[in-house]
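Student: Take 261 as the starting number for the sequence shown in our numbering and just add one per residue.
Treat the hints as calculated values from the structure; they're not laboratory data. Hints are supplied without guarantee of correctness; some may be wrong.
Claimed, not checked - Pair ranges (Cβ atoms, derived):
| id | residue 1 | residue 2 | range |
| --- | --- | --- | --- |
| 1 | Gly372 | Thr306 | 21 to 27 Å |
| 2 | Pro362 | Phe322 | 17 to 23 Å |
| 3 | Leu293 | Arg337 | 34 to 40 Å |
| 4 | Ala371 | Pro336 | 25 to 31 Å |
The C-beta atom is built at its ideal place from N, Cα and C for all residues, glycine as well.
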Amino acid sequence: MQPPLSRALLGFIAAGLSVLIFHQAMWEALHLLALPGMGMPSAYPTDPIPPLGVPRIANLCFWGGLYGIVFGLVLPRLTAPAWVCGLGLGIIAALVGLLVVPAIKGLPVGAGWPLGWVRSFLINGFWGLGTGLILPLLLQRRRHPV
(Lines of atoms letter the chains of each structure in order from A; the text may use other names.)
(Lines give C-alpha, C1' and ligand atoms only; values in the text may rest on other atoms or scores of the structure.)
Protein backbone atom coordinates (compact mmCIF):
# COMPACT_ATOMS: atom_id res chain seq x y z
CA MET A 261 0.00 0.00 0.00
CA GLN A 262 1.09 3.55 -0.70
CA PRO A 263 2.30 5.83 2.11
CA PRO A 264 -0.39 8.10 3.63
CA LEU A 265 0.82 11.26 1.90
CA SER A 266 0.61 9.59 -1.52
CA ARG A 267 -2.85 8.20 -0.76
CA ALA A 268 -4.03 11.64 0.38
CA LEU A 269 -2.69 13.38 -2.73
CA LEU A 270 -4.07 10.74 -5.08
CA GLY A 271 -7.38 10.85 -3.19
CA PHE A 272 -7.58 14.60 -3.81
CA ILE A 273 -6.81 14.11 -7.51
CA ALA A 274 -9.26 11.20 -7.89
CA ALA A 275 -12.09 13.11 -6.22
CA GLY A 276 -11.39 16.25 -8.27
CA LEU A 277 -11.44 14.21 -11.48
CA SER A 278 -14.62 12.52 -10.34
CA VAL A 279 -16.29 15.92 -9.93
CA LEU A 280 -15.35 16.79 -13.51
CA ILE A 281 -16.42 13.42 -14.93
CA PHE A 282 -19.06 11.69 -12.77
CA HIS A 283 -20.58 14.52 -10.72
CA GLN A 284 -21.02 16.77 -13.72
CA ALA A 285 -22.32 13.91 -15.89
CA MET A 286 -25.18 13.32 -13.44
CA TRP A 287 -25.67 17.08 -13.11
CA GLU A 288 -26.01 17.35 -16.90
CA ALA A 289 -28.31 14.31 -17.06
CA LEU A 290 -30.65 15.99 -14.56
CA HIS A 291 -30.40 19.22 -16.58
CA LEU A 292 -31.36 17.44 -19.80
CA LEU A 293 -34.16 15.41 -18.20
CA ALA A 294 -35.59 18.57 -16.57
CA LEU A 295 -37.77 16.55 -14.21
CA PRO A 296 -40.05 18.71 -12.05
CA GLY A 297 -38.29 19.56 -8.79
CA MET A 298 -35.02 17.96 -9.90
CA GLY A 299 -33.91 20.22 -12.74
CA MET A 300 -30.41 21.68 -12.72
CA PRO A 301 -28.66 24.42 -14.68
CA SER A 302 -26.24 23.18 -17.31
CA ALA A 303 -23.10 21.38 -16.15
CA TYR A 304 -19.70 22.99 -15.48
CA PRO A 305 -21.10 26.16 -13.89
CA THR A 306 -18.70 29.10 -13.84
CA ASP A 307 -20.69 31.58 -11.77
CA PRO A 308 -18.46 33.14 -9.07
CA ILE A 309 -18.68 31.83 -5.51
CA PRO A 310 -18.18 34.34 -2.69
CA PRO A 311 -16.06 35.41 -0.94
CA LEU A 312 -13.18 34.84 -3.40
CA GLY A 313 -15.21 34.75 -6.61
CA VAL A 314 -13.78 31.43 -7.84
CA PRO A 315 -15.85 29.61 -10.49
CA ARG A 316 -18.38 27.18 -9.01
CA ILE A 317 -16.83 24.20 -10.81
CA ALA A 318 -13.42 24.96 -9.24
CA ASN A 319 -15.11 25.25 -5.84
CA LEU A 320 -16.80 21.88 -6.34
CA CYS A 321 -13.49 20.26 -7.35
CA PHE A 322 -11.75 21.71 -4.30
CA TRP A 323 -14.35 20.51 -1.80
CA GLY A 324 -14.61 17.15 -3.54
CA GLY A 325 -10.84 16.89 -3.33
CA LEU A 326 -10.91 17.48 0.43
CA TYR A 327 -13.31 14.55 0.81
CA GLY A 328 -10.95 12.59 -1.44
CA ILE A 329 -8.03 13.21 0.92
CA VAL A 330 -9.94 11.59 3.78
CA PHE A 331 -11.11 8.77 1.50
CA GLY A 332 -7.55 8.08 0.38
CA LEU A 333 -6.33 7.95 3.96
CA VAL A 334 -9.03 5.56 5.22
CA LEU A 335 -9.19 3.35 2.11
CA PRO A 336 -6.74 0.70 3.43
CA ARG A 337 -8.98 0.17 6.48
CA LEU A 338 -12.13 -0.39 4.42
CA THR A 339 -13.07 -3.96 3.62
CA ALA A 340 -15.72 -3.47 0.93
CA PRO A 341 -14.76 -2.86 -2.71
CA ALA A 342 -13.55 0.70 -3.30
CA TRP A 343 -16.51 1.57 -5.53
CA VAL A 344 -18.97 0.58 -2.78
CA CYS A 345 -16.99 2.62 -0.26
CA GLY A 346 -17.01 5.51 -2.74
CA LEU A 347 -20.78 5.29 -2.97
CA GLY A 348 -20.85 5.56 0.83
CA LEU A 349 -18.57 8.60 0.55
CA GLY A 350 -21.06 10.20 -1.82
CA ILE A 351 -23.94 9.53 0.58
CA ILE A 352 -21.96 11.08 3.44
CA ALA A 353 -21.15 14.12 1.28
CA ALA A 354 -24.83 14.51 0.35
CA LEU A 355 -25.89 14.34 4.00
CA VAL A 356 -23.26 16.90 5.01
CA GLY A 357 -24.45 19.17 2.19
CA LEU A 358 -28.08 18.81 3.25
CA LEU A 359 -27.76 18.89 7.03
CA VAL A 360 -24.46 20.43 8.15
CA VAL A 361 -23.60 23.12 5.58
CA PRO A 362 -27.00 24.87 5.79
CA ALA A 363 -26.77 24.92 9.60
CA ILE A 364 -23.34 26.57 9.37
CA LYS A 365 -24.67 29.17 6.91
CA GLY A 366 -27.80 29.85 8.98
CA LEU A 367 -30.10 28.38 6.31
CA PRO A 368 -32.95 25.88 6.76
CA VAL A 369 -31.56 22.39 7.42
CA GLY A 370 -32.75 19.59 5.15
CA ALA A 371 -34.64 21.89 2.79
CA GLY A 372 -35.91 20.52 -0.48
CA TRP A 373 -37.33 17.25 0.83
CA PRO A 374 -37.91 14.90 -0.98
CA LEU A 375 -36.85 15.77 -4.54
CA GLY A 376 -33.93 18.00 -3.59
CA TRP A 377 -32.63 15.15 -1.45
CA VAL A 378 -32.99 12.67 -4.30
CA ARG A 379 -31.12 15.05 -6.60
CA SER A 380 -28.33 15.49 -4.05
CA PHE A 381 -28.00 11.75 -3.47
CA LEU A 382 -27.87 11.11 -7.23
CA ILE A 383 -25.22 13.74 -7.97
CA ASN A 384 -23.05 13.09 -4.90
CA GLY A 385 -23.54 9.33 -5.04
CA PHE A 386 -22.36 9.29 -8.64
CA TRP A 387 -19.37 11.45 -7.65
CA GLY A 388 -18.49 9.08 -4.81
CA LEU A 389 -18.82 6.08 -7.09
CA GLY A 390 -16.43 7.75 -9.52
CA THR A 391 -13.96 8.51 -6.74
CA GLY A 392 -14.10 4.86 -5.69
CA LEU A 393 -13.37 3.78 -9.26
CA ILE A 394 -10.63 6.32 -10.05
CA LEU A 395 -8.59 6.18 -6.84
CA PRO A 396 -7.67 2.47 -7.06
CA LEU A 397 -6.56 3.03 -10.66
CA LEU A 398 -4.29 5.89 -9.59
CA LEU A 399 -2.93 3.89 -6.66
CA GLN A 400 -2.21 0.94 -8.94
CA ARG A 401 -0.53 3.16 -11.52
CA ARG A 402 1.61 4.77 -8.82
CA ARG A 403 2.71 1.36 -7.55
CA HIS A 404 3.93 0.23 -10.98
CA PRO A 405 5.74 3.15 -12.64
CA VAL A 406 6.65 2.80 -16.30
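Student: Decide, hint by hint, whether the structure agrees.
Tutor: Okay, the hints, checked on the actual structure:
no.	hint	result
1	Gly372 to Thr306: 21 to 27 Å	holds (23 Å)
2	Pro362 to Phe322: 17 to 23 Å	holds (19 Å)
3	Leu293 to Arg337: 34 to 40 Å	holds (37 Å)
4	Ala371 to Pro336: 25 to 31 Å	violated (37 Å)
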